[in-house]
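Q: Heads up: the sequence lines are chains A and B, in that order.
No gaps in the numbering here: position 48 of the first sequence is 48 in our numbering, and each next residue is one more.
Heads up: take any position in the second sequence, counting from 1, add 119, and you land on our numbering.
It cannot be assumed that every hint is accurate.
Claimed, not checked - Quick list of in silico lysine-lysine cross-link-like pairs, BS3-like style, CA-CA up to 25 angstroms: (1) B:Lys281 <-> A:Lys6; (2) B:Lys121 <-> A:Lys6; (3) A:Lys58 <-> A:Lys81.
Hints in this document: simulated from the structure, not taken from any laboratory.
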Amino acid sequence: MTLADKAVVFIAVLAAGLSFYFAWQPSAPGTLLEIYQDNTLYERHSLNEPATLNVPGKLGDSVIEIDQGRARFQSSPCTSKFCVHAGWMQQAGDVIACLPNGVHIQIHGGQGRFDAIAF
Amino acid sequence: MKLHLHPTVEDHRIAWLAAAAVSIHILEALLPSPLPGLKPGFANVITICVLCLYGWSTAAWVSLLRVLVGSLLLGTFLSPTFMLSLAGALASLLILWPMTRLPGRGFGPVGYSLAAAMAHISGQFLLAWGWFVPHAGIWRLFPVLLSFAVLVGLVNGIITQKVVKHLHD
Numbered sequence: 001m002t003l004a005d006k007a008v009v010f011i012a013v014l015a016a017g018l019s020f021y022f023a024w025q026p027s028a029p030g031t032l033l034e035i036y037q038d039n040t041l042y043e044r045h046s047l048n049e050p051a052t053l054n055v056p057g058k059l060g061d062s063v064i065e066i067d068q069g070r071a072r073f074q075s076s077p078c079t080s081k082f083c084v085h086a087g088w089m090q091q092a093g094d095v096i097a098c099l100p101n102g103v104h105i106q107i108h109g110g111q112g113r114f115d116a117i118a119f
Numbered sequence: 120m121k122l123h124l125h126p127t128v129e130d131h132r133i134a135w136l137a138a139a140a141v142s143i144h145i146l147e148a149l150l151p152s153p154l155p156g157l158k159p160g161f162a163n164v165i166t167i168c169v170l171c172l173y174g175w176s177t178a179a180w181v182s183l184l185r186v187l188v189g190s191l192l193l194g195t196f197l198s199p200t201f202m203l204s205l206a207g208a209l210a211s212l213l214i215l216w217p218m219t220r221l222p223g224r225g226f227g228p229v230g231y232s233l234a235a236a237m238a239h240i241s242g243q244f245l246l247a248w249g250w251f252v253p254h255a256g257i258w259r260l261f262p263v264l265l266s267f268a269v270l271v272g273l274v275n276g277i278i279t280q281k282v283v284k285h286l287h288d
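Chain B with its partners taken away, still in its complex shape (with noise of 0.2 angstroms):
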């Protein structure tokens, strides 16, 4: 027997994008990092293009593609790098659906972008604390890495506006 999948125009374009965000993923695992949990997340700029120009759904897609084919890609999948990345990606998700659901100009790409990284750090300490290190002395980190998420959630979304610009005109 022989199974035949059509895929859509959506199918190809989420694949391409996703093929684009996993390739930022495995570069940027290559920088190397002062503490744990810093990461620029510049594939995220892909995310939130995504976001914008198509969608939240289709942003899903990448999103969580990204986290699998990344760990994968990486020796990672289903190890603790893998949940923090997938919890910080689903917290992520999850703040930017009902975002995107504001009616009137609502907001553009630095307000997804900084309130998606903010949910995936919040997102990754409650894993990492509920899991990983059950100790409160973790949450001394935490206000370094907000702000850390604050400023790469700034800069990622003033690209994203870029890209998103650039691709409007």
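Chain A with its partners taken away, still in its complex shape (with noise of 0.2 angstroms):
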């Protein structure tokens, strides 16, 4: 290697470290919950206020709890739980789906609706 290709090495390594620094922020923090029952709006409930809603679902009712702008699913009459165990969400963008009971949440933010274009 040169002493140029060293400096090539030495400002990548760099380049890399600072776009961790500039690039990997944490996401906004979500200010909006829809519920969805079936894949259609069941309720919009800001995440500002403490709330426990239940939300009737193909097996039962899951119970959705609001708090300190978070959300999570308390219960869910499902078998495996693996929305209860999905823990807290609170950045715009998250969602937790309990797919057995067709209840899923998702937590948004003050930017656009859509991240993508497909072709």
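Using the hints, put the two chains back together into the complex; each one sits in its own frame.
A: What follows is the structure, encoded as structure tokens:
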């Protein structure tokens, strides 16, 4: 390797490190929770108002808890409980779904509604 | 009327080297990728070898022919994949040109490969951002892909160095 090569290696490693610093930012906190039942909107709720909502699904009621700008499935009548184990979500774009019960929740922030256009 | 083409030694050389690069390009397309954009780019070992042995313009021919023929064989010609591939190749060639003009001992395969890999991913990102995914969220992917580019740029550079040394001996 020549001296110039070593300079390129140095710059490359520095640039990769800096890119994490500049572009790897935490997501925007969400402000609005949308609750869906069988892919149709069931309810919109602000994340800033604490609430406990019973959402009827195919198997029974899923209980959605909203607290301190976060939301979670407190309980759900499914057997696997993946939705409950997902825990609290608070970033815009986060989604938790209980497929057996057909209920899913999505957190929205201030940004645009779509994030990619596919051809 | 009959058209007579008189390929030079240089033309034959470009064709052979481009064919080698296309083969690697196609084999690489068979590899599964965990993320869109993560590709080792081993075909560029050929490009950098050519750059070191025959100069920038031969390397530019080989690189652009590889993108064109590779896309025709894989069926991605003029698709977004092809556009991204072309943007990457053009960005790489753009950064390599002034690098070959550096006086003194200048750059070796590792420097060329690393700079080209970074230019490649940056060019692709600018195109993807400006055209396909006009959303700031795409930049979150950039650090991951840039780090990967640095890694494969280094690995390809070291491979190229060995190949060039072998060819010289």
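Q: Each hint needs a verdict: does it hold in this structure or not?
A: Hints versus structure:
1. B:Lys281 <-> A:Lys6: 17 angstroms, holds
2. B:Lys121 <-> A:Lys6: 54 angstroms, violated
3. A:Lys58 <-> A:Lys81: At roughly 15 angstroms apart (the allowed maximum being 25 angstroms), Lys81 of chain A and Lys58 of chain A satisfy the hint.
Checked against the numbered hints above, the structure breaks only hint 2 and satisfies the rest.
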